[in-house]
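Enquirer: Residue numbers (my numbering), protein chains in the order written: chain A, 17 to 113; chain B, 8 to 153.
Everything labelled a hint here was simulated from the structure, so no lab data went into it.
For each residue, glycine too, the CB sits at the ideal point set by N, CA and C.
Just so you know, not all the hints are guaranteed correct.
Quick list of the computed label-pair ranges, beta carbon to beta carbon [stated by the list, open to error]:
id: 1; chain 1: B; residue 1: Pro123; chain 2: A; residue 2: Met44; range: 16 to 26 Å
id: 2; chain 1: A; residue 1: Gly85; chain 2: B; residue 2: Asp124; range: 31 to 41 Å
id: 3; chain 1: A; residue 1: Glu110; chain 2: B; residue 2: Lys42; range: 13 to 23 Å
id: 4; chain 1: A; residue 1: Arg108; chain 2: B; residue 2: Lys125; range: 13 to 23 Å
id: 5; chain 1: A; residue 1: Thr84; chain 2: B; residue 2: Pro123; range: 46 to 56 Å
id: 6; chain 1: A; residue 1: Ser91; chain 2: B; residue 2: Asp20; range: 48 to 58 Å
id: 7; chain 1: A; residue 1: Gly48; chain 2: B; residue 2: Asp20; range: 39 to 49 Å
id: 8; chain 1: B; residue 1: Lys48; chain 2: A; residue 2: Thr84; range: 36 to 46 Å
Pulled a few chain A residues facing chain B out of the computed Cβ check, cut under 7 Å [claimed, not checked]:
id: 9; residue: Val58
id: 10; residue: Gly66
id: 11; residue: Gly105
id: 12; residue: Val107
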Amino acid sequence: MKQVTEILASLSSTLAAKGASKAVVGEMISAGDYHVVPLCEVAIGLGSGGGQGTSDGDANGVGKGEGTGIGAGGSAKVQPVAVIVVDNGGVRIERLG
Amino acid sequence: MEQVTTLVKMLGDTLLESGSTDVAISEPITAGKYKLLVLTKTSVGFGAGGGTGEGMSPDCHHHHKKPALPKDGAGVRVELMVKGKGTGLGAGGAVKVRPVGVIVLGPDGVRVLPIPDKPGLLDKLFEKIPQLVERLAPLMPEHKSN
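Start from the sequences and build out the full structure, keeping to the hints where you can.
Expert: Right under this line is the structure:
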């Protein structure tokens, strides 16, 4: 099952490199006295699995064989959930959705 | 099951790294005369499992190649069985980071503005229960008392 470990290592290092937490607070956008900061919800999932099997076959060796299978998958979702608005009236949060 | 331990450790390290608690409070953002600090909530979950097994099973796929049965019937069971063994391993995990509030530092003092969570499916369902009961009530048979 070394391959499973390798795949998971590759997947997870990629996802870690993306820095899930850092994606939550977006870059501030300023327009005169107005400033907005987008806030996002970030969700990341990954999984990996594999198996291997061998068969000795019957007494005559029929059905003898071996096989391995591995799989891996991952997903990432970044969804804006709110915006911080700073203007002359102060600071407020506008919820999205 | 050493591999399972390795997988769990790797997955845990990665997920914790992705949703590091260091960023539960963001770097201060300066917007005009205000300084903003975003508070985040991090949820991490992961799991792994594995197993090994071996056994005998009937060889259903090779009946056409089945050897001739001995006259006395001895050894029939052995001839029709296939011995095999296998192992399986799997692991998965998820991390979710969402902003929950903002600390606002300004000329008028410090405030914390919450970011309300979007209601989940269950919350929506509970909200609908009174309406549902109202609609279903006329359809229910009348309760007869003595």
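Enquirer: Does each hint fit the structure? Answer for all of them.
Expert: These are the hints, each one checked on the structure:
| no. | hint | result |
| --- | --- | --- |
| 1 | Pro123/B <-> Met44/A: 16 to 26 Å | 22 Å, holds |
| 2 | Gly85/A <-> Asp124/B: 31 to 41 Å | 40 Å, holds |
| 3 | Glu110/A <-> Lys42/B: 13 to 23 Å | 19 Å, holds |
| 4 | Arg108/A <-> Lys125/B: 13 to 23 Å | 18 Å, holds |
| 5 | Thr84/A <-> Pro123/B: 46 to 56 Å | 49 Å, holds |
| 6 | Ser91/A <-> Asp20/B: 48 to 58 Å | 20 Å, violated |
| 7 | Gly48/A <-> Asp20/B: 39 to 49 Å | 45 Å, holds |
| 8 | Lys48/B <-> Thr84/A: 36 to 46 Å | 40 Å, holds |
| 9 | Val58 | 5 Å, holds |
| 10 | Gly66 | 6 Å, holds |
| 11 | Gly105 | 12 Å, violated |
| 12 | Val107 | 5 Å, holds |
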